[in-house]
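*Asks:* What follows is each chain in one-letter form.
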Amino acid sequence: MVPFAGWEMPVQYDGVISEHRAVRTDAGVFDVSHMGELEIEGPTARDLIQATLSNDVDKLRPGAAQYSLITTESGGIVDDVIVYRLDEHRYFVVVNASNRDADHAWLKERELRGSDVRDVSDEYALLAVQGPRALERLGLETGEPFTFELGLLDGVEVMVNRTGYTGEEGVELACMDEDAGRLWDAILARGVTPCGLGARDTLRLEVCYPLHGNDIGPQWDAISSGLGWACALGTEFTGVERLRELKERGPERKLVPFVMREKAIPRQGMPIEGGGEVTSGSHSPMLDVGIGLGYVPAAQAKAGTELVVDVRGRARKAEVVKKPIYQKER
Amino acid sequence: MAASESYPDDLLYHPEHDWARIDGDEAVLGVTWYAQDALGELVHYEPPDVGSTVSKDTSYGEVESVKAVSDLISPLSGEVLEVNRTVVDAPETVNDDPYGDGWLIRIRLSSAEERDQLLDVAAYRKVLEDA
Chain V
24 MVPFAGWEMP VQYDGVISEH RAVRTDAGVF DVSHMGELEI EGPTARDLIQ ATLSNDVDKL
84 RPGAAQYSLI TTESGGIVDD VIVYRLDEHR YFVVVNASNR DADHAWLKER ELRGSDVRDV
144 SDEYALLAVQ GPRALERLGL ETGEPFTFEL GLLDGVEVMV NRTGYTGEEG VELACMDEDA
204 GRLWDAILAR GVTPCGLGAR DTLRLEVCYP LHGNDIGPQW DAISSGLGWA CALGTEFTGV
264 ERLRELKERG PERKLVPFVM REKAIPRQGM PIEGGGEVTS GSHSPMLDVG IGLGYVPAAQ
324 AKAGTELVVD VRGRARKAEV VKKPIYQKER
Chain S
732 MAASESYPDD LLYHPEHDWA RIDGDEAVLG VTWYAQDALG ELVHYEPPDV GSTVSKDTSY
792 GEVESVKAVS DLISPLSGEV LEVNRTVVDA PETVNDDPYG DGWLIRIRLS SAEERDQLLD
852 VAAYRKVLED A
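Chains as they are written, first to last, in the working numbering: chain V, 24 to 353; chain S, 732 to 862.
If we strip away everything but chain S, and leave its shape as in the complex, we get (with noise of 0.2 Å):
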């Protein structure tokens, strides 16, 4: 079952539609509502490998449906510490569930102060509408 379109207030947010829950040093990256629903029901997930670094702004995997593919652009710098196998088994997950079960990454955070260049869910419901 797809998700109905929610941006949860207590997360932040990337322009390319990505969100980063933060908590103390570290966080969990995902893709919004509006990314999975523009692409439509994803079939395959190409994650980084755990231990390896990942900027801010960068693209640190992929997500493909069955006619595209996106990359996923990392909102925060650092360390990945591990990769939502339930994901990579089943892409649908980010569908059913994109802030949620279906979570991409949890990073160690390299640059905490980056958090300060994210958007939080008013000016991200902003660049939305501008869209």
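Next comes chain V alone, as it looks inside the complex (with noise of 0.2 Å):
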């Protein structure tokens, strides 16, 4: 057990490598409880979001999701969000754990007559169960991604949201507080793999799905981070001139995802040759080779550019990769 954002939680049960094979190939179970979430509610709701957060909101119907990032001034990402619409006037949002109290009052701060927005996180637990199988031992059909519906599961009422951390097919099943452990036991008679940090690391890695505090925060504007898909620059929010304009002049550096050439492990804050760094980095348990993801000069990011990385005072050979650095035979 380690400590993480206030929470003590489990690096790993089995082995970070069992833990991740098995939601590659089978499905795993995460206890993502420490995750925070909001719940916004009010005739202006949506405006609030609107102005605060970088995706269009607009094209959120209720029971759908949308990946966004509420945005500094200089288009920096205060965090990486998930928006669920409850209904007409209500949204529910999961954020990082560490930025939960930040998130909050800084939504708060810009609260509009007529929105309320709320820090319900004590309230909720969240279990991710994620891989090719997960559906299949959780008795549930395919769903659109990115959606979610009110069910069922064992007994526990359940909300299903079709989102994940893995790149692997799956569900995060959000439930009152109460009712966590019930779940889990439940989720666990059906065969599923209970996994620790140390997988949920290593899988979202492989996938490139960045990790707020090392890939993406403040300090970097979504441009240069790589979630200009996740920015509706058309719609007014804060920061969206500045992310415009980094649009149309391209940023000075970029968020890339690469691979070892040579024997080593790339880890955060690792120097990159020609004024990079690295942000996270670790072993693919899947391809048995050092992966990472790092800041690059512009110049340096296209895939098939060879980098170097300092490891340590030896000088170790990496290579650009395109997203994902990982992806399933087909």
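To be clear, the hints were calculated from the coordinates, so they are not data collected in a lab.
We treat Cβ as the ideally placed atom computed from N, Cα and C, and that holds for glycine.
Be careful, since some hints might not be right.
Taking lysine to aspartate or glutamate and the EDC-like style, the derived pairs with C-alpha atoms no more than 20 Å apart in a straight line are [claimed, not checked]: (1) V:Lys286 x S:Asp780; (2) V:Lys270 x V:Glu285; (3) S:Lys798 x V:Glu31; (4) V:Lys340 x S:Glu793; (5) S:Lys798 x V:Glu259.
Cβ-Cβ distance ranges computed for the label pairs, FRET-style [as the list claims (entries may be wrong)]: (6) S:Ser790 x V:Leu175: 53 to 59 Å; (7) V:Gly174 x S:Lys857: 55 to 61 Å; (8) S:Ala769 x V:Gly273: 45 to 51 Å; (9) V:Lys325 x S:Asp788: 44 to 50 Å; (10) V:Val143 x S:Ala799: 33 to 39 Å; (11) S:Ala799 x V:Arg205: 33 to 39 Å.
With the hints as a guide, dock the two chains, each given alone in a separate frame, to form the complex.
*Replies:* Spelled out as structure tokens, the structure:
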């Protein structure tokens, strides 16, 4: 167990690599109850979200979910979140654990007459069940990604969200805090492998999902971070002018995925020759090589470019690749 | 398959969880069951160059698991005669067999008397109990 954002979290149950493989080949469950949840409600809830988050909330119908960013004036990222539209005037926003208070304060400060932002994190637990056999093991039908429905799983009331952080098919199940233990046991009884934070990190890195605090943050703008696709530049939100400008002129640095071409494991903070820096690095259990994400000057950002990572004083070659780093053979 | 916990009594130990098997003026070095268990499944072994020298109590290389990096502390001083390439290619060999196929380097001893400063198995087990 390790402390993480005020929570005691398991890094692993059986082992990072075996848990990782379980998610890629069968199904794994992660207790991600540490993540925060905000509820935004009221006749102007839509206006508040449109003005503070980067994506176009008008594309979100009740029952659907959307990846979005809370942005700063300079286009930096306060947090990356998923917005669920519960009904006409009510939204549920899942935020990163370590940003829960900052996000709540940020949105509270910008509240409009007729919108109410509440931190409801302590009321909910969140279990992510991910993998090619996740739905089968839970007895769920295939669903459209980024939608949700309310239902019962082994007698527990759940919000079934078709979202995840592993690149695999699966769901994230939100339930009332007091039901979490019962839901966890029910999922394990269905033959799903319990997985810790370690595997969650290697899984998301293989498919190049950025981690806030490592790869994205207020100090890097959303365009440089490769999240322009989550910014509706035709709408008005905090920092949009700066982001339009960056999009127009092209960022000076870019977040790129890379694979080591020499034996070594890149780690966060390692310099990349030419002025870059590793923001996330690990060993890929599926590819059996060192992989990472890092910011490099735009000239070095093209797939196929050779990089040199400073691994504790040793120069080791790497290559910029296209996203995702790992893709299932079809 | 991860090995089960054991500490052979024919080895000498260093409190940083390294072992030495001395044979004449040579020694084979590795890490103990405790060390590999604490690190988890190893995914990288950064060995020293053959012909380089290693010094007692200092780092001669690194091993890494998915989440952690650990220096390899040499229990003895000498010249590196051989690096275990099996572990370079398949670092998890250390988890499977830390005292056998998972050895790390073979050295020629430069200061044979250093062995007197190492721990026998009973003393090393005491280190583990106090950890």
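*Asks:* Does each hint hold? Answer for all of them.
*Replies:* Consistency of the hints with the structure:
no.: 1; hint: V:Lys286 x S:Asp780; in the structure: holds (15 Å)
no.: 2; hint: V:Lys270 x V:Glu285; in the structure: violated (34 Å)
no.: 3; hint: S:Lys798 x V:Glu31; in the structure: holds (17 Å)
no.: 4; hint: V:Lys340 x S:Glu793; in the structure: holds (18 Å)
no.: 5; hint: S:Lys798 x V:Glu259; in the structure: violated (41 Å)
no.: 6; hint: S:Ser790 x V:Leu175: 53 to 59 Å; in the structure: holds (56 Å)
no.: 7; hint: V:Gly174 x S:Lys857: 55 to 61 Å; in the structure: holds (57 Å)
no.: 8; hint: S:Ala769 x V:Gly273: 45 to 51 Å; in the structure: holds (47 Å)
no.: 9; hint: V:Lys325 x S:Asp788: 44 to 50 Å; in the structure: holds (46 Å)
no.: 10; hint: V:Val143 x S:Ala799: 33 to 39 Å; in the structure: holds (36 Å)
no.: 11; hint: S:Ala799 x V:Arg205: 33 to 39 Å; in the structure: holds (34 Å)
Checked against the numbered hints above, the structure violates hints 2, 5; every other hint is satisfied.
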